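S.K.: Counting from 404, one number per residue, gives the positions in the sequence shown under this note's numbering.
If you're looking for bench data, these hints aren't it; they were derived computationally from the structure.
These numbers were taken from a predicted model, which means no experiment stands behind them.
Note that beta-carbon positions come from the ideal geometry of N, C-alpha and C, so glycine has one too.
Just to be clear, a hint being listed does not mean it is correct.
[Claimed, not checked] Here are the simulated distance ranges between beta carbons:
id	residue 1	residue 2	range
1	Asn1043	Asn960	25 to 33 Å
2	Asp620	Asn820	29 to 37 Å
3	Asn465	Arg905	25 to 33 Å
4	Asn820	Gln890	31 to 39 Å
5	Pro1086	Lys1063	30 to 38 Å
6	Asn820	Asp1030	20 to 28 Å
7	Asn568	Lys959	23 to 31 Å
8	Pro936	Pro1058	33 to 41 Å
9	Glu693	Gly537	43 to 51 Å
10	Asn739	Thr1050	27 to 35 Å
11	Gly673	Leu737	12 to 20 Å
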Amino acid sequence: NQSDTIRLRDNQDRVVDRVTYADEGDWALRGRWPEDRRGWIWLDDHDGGGKSLELTNPRLPNEYGQNWQASATNGGTPGSLNSRAAANVAPLVIDVQQTPIIPRPGEAVTISAQVRDESAAGVNVTLNWRSNSGPLNSFVMHDDGTDGDLFAGDGVYSANVPPQNDQMIVEYYVAATDATSLTRTWPAATADEGQVTNALYQVIGDFDPDVVWQPGDTPTYYQIMTPADRSAFNGTPHQSDAQFNATFISVDATGVQLRHNVGVRYRGSGSRFANPTNNRINIPSDRPWEGVTALNLNVDTIYNQIAGSLLFRLAGIPTAEASYVRMFSNGVDLRNGQFYAHVEPLNGDFADNRFPLDANGNLYKGRRPNESPPGGLGAGLVYQGEDPLPYGSYIKLTNESEADWSDVIHLTDVLNNTPDENYLEEVAKVIDIDQWLRYFAMHVMVANTEGGLVNGDRQGDDYAMYRGIDDQRFIMVPHDLDSVLNQVNRALFTATGVPALRRLLLHPDLVPRYYEHLLDIADNVFLSPDVEPQLRAVLGNATAEFRIARILDFLKNRAAFVKAEVLRELSFTTAFKPVNGLVTTTESAIGVFGEAGYEAQSVRVNGTSVSVDRTTGAWQLGSSITDIVSLNSTWQYLDNGSEPSPTWRTSVFIPDANWKSGPAELGYGDGNEATVVGYGDDPLNRHITTYFRHEFDVADASRYSSLLSQLQVDDGAVVYLNGKEVIRRNMPTDVPIDSTTLATTDVTGGSEAASSIYTLDPADLVTGKNVLAVEVHQFSAQSDDIS
């Protein structure tokens, strides 16, 4: 835990003392970020480092972190004198305040600090400050009722910083020295570079402290760094998680709040390369802000993130809250009048808020192998044996110091290895089955195209899950909702590319329950009369009216589409077409097929039971479902940058020596390809288009009543069946496509593994040789991967 409270009770069960400890702020020291020495981390050997946390001087108050230290030896000194015990320590510098929090030009700022020592005699306190990284000034602080001090002799020392110009940034720290020359500073000096992570404020002429907050006003955040740190932060590679020292100020309905010594870093996967970037603000755990110790500030399609969060919460799924805010970075609005999405991070605070009666469990976030700690093999719910190393891709967001993945190992074992005869019984012990069904149904309802586990990514990404202490069944938690609310006709089963989820979601006893969740969400969330006012309330001024109207239209149209797919009427047809009004055949047997609603328990033809695909409602007699092109089929491909003859899409084409072949998955740059294709000699000018074709034989095309195709592509593709265009994904519409045509959007992060299912016309198949042809297009010549 980042922070907790210890209570000491007497033999009458009365609390006689209590201490709330933490692992940051006054309970730790700042040290350099070890990966690139750019930012800062909190150093605390008492948090998982083998040391105990010891009170230093019992003559001083024990509620302050400055009076505690990590033990000198591992394991502490139980039963004997604390190894850090001292009768004389440097004065405690506590409860440092500045007034006003946001000064305007012409206003002096009063800095005050309470100072506690074994003896008040001989204590000297100084305020050390500078503006815009200029020379350091040192002012004596007073406890005599002058120079901003309110009351003489109360142990609170004060001094004034003179008025500064608009936008000026002031950096300061307080130093207290006792009669024995022991000195303590606040904020404390870093472990190895001295007094460089100090408190900050900025003069803001546009801020009006007399404005009365009104309902609907936009919360405003300020993050303030020294000019040198801001320049270094802006120059830090976006892949880095290095945190820079800053002061965070919020102005909202609760008033104006201030937190010093926060850490600001880049965040996100592909989205961290946006301009401006997403930010993560980590607040010291000994001084939470509005009950939390971290904030995510995102820039990508914030209206989707906010609306998606609301819809998931309305569906009863534990979800991070999201709202829109304005933020200034050293006085600059990097969004130029637009907003950030303030999204609640998934951490211990989230567990406390969402599971208050069972908050000490394990919260995990799934990551792909290339974004995992060394040894992690992805979070695709695959059983990897009993060695915990491969499970490092399940990132622990709580209880991090306990390197224990035994619950995940057991979960994946049960999901994959339980025999069919007792599968549901055993699975119900490790997951909340209906919660999982509703979770995946909700992702389908909002048409989440982000990729990751919910869209069949076997490597696992873009999801979280929680396992409590009292209720030890895993429940699913959404992560990353910026790619939702667009595709009205998206398929109803998108996660079944993950073997463990395919077994779960397609279990014959669970498919009807899954459909019931889809229908319930459609009727009681998407079509609820309350959804529009709630959406308008959370979106407010965050987006234009046309986007709100488009979201509302999506909800209605998506609900209608899903209900039509699920609530099918029983239908019946054959594979034969009438001739002169009569259905005739020269065959001794015929196939019949049709569709049935999800509530149909069975379908019989002339008393004979027929197979029913519970995911589509399709039933057939006299035929079966088969893969005519498998996922790992061998393909021919052209990767030399040339454009082939138009006949390359058809069976008459004869590939020349430039065409190579290999099994799927084909591509480059992701590390999971079965066949790596080329892109040319210049990594800054790669081929825009790569061509793929696969020939396959069909014995009798007339026997196929339906045809589905599953496509995973990065970035865009056009698909042809026997020369006819049948799919166009992430490509310009209604225009001719050639080898120089760019994909519409850049597919990044978890979206790279997303797959979609398309319904094709079986009449496009021919008896004999068929050709499935795909041309894959990059978003730019600098794109570093395709698949």
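S.K.: Taking the hints in turn, state whether each one holds.
M.R.: Against the structure, the hints:
no.: 1; hint: Asn1043 to Asn960: 25 to 33 Å; in the structure: violated (44 Å)
no.: 2; hint: Asp620 to Asn820: 29 to 37 Å; in the structure: violated (55 Å)
no.: 3; hint: Asn465 to Arg905: 25 to 33 Å; in the structure: violated (56 Å)
no.: 4; hint: Asn820 to Gln890: 31 to 39 Å; in the structure: holds (35 Å)
no.: 5; hint: Pro1086 to Lys1063: 30 to 38 Å; in the structure: violated (20 Å)
no.: 6; hint: Asn820 to Asp1030: 20 to 28 Å; in the structure: holds (25 Å)
no.: 7; hint: Asn568 to Lys959: 23 to 31 Å; in the structure: violated (54 Å)
no.: 8; hint: Pro936 to Pro1058: 33 to 41 Å; in the structure: violated (60 Å)
no.: 9; hint: Glu693 to Gly537: 43 to 51 Å; in the structure: violated (34 Å)
no.: 10; hint: Asn739 to Thr1050: 27 to 35 Å; in the structure: violated (50 Å)
no.: 11; hint: Gly673 to Leu737: 12 to 20 Å; in the structure: holds (19 Å)
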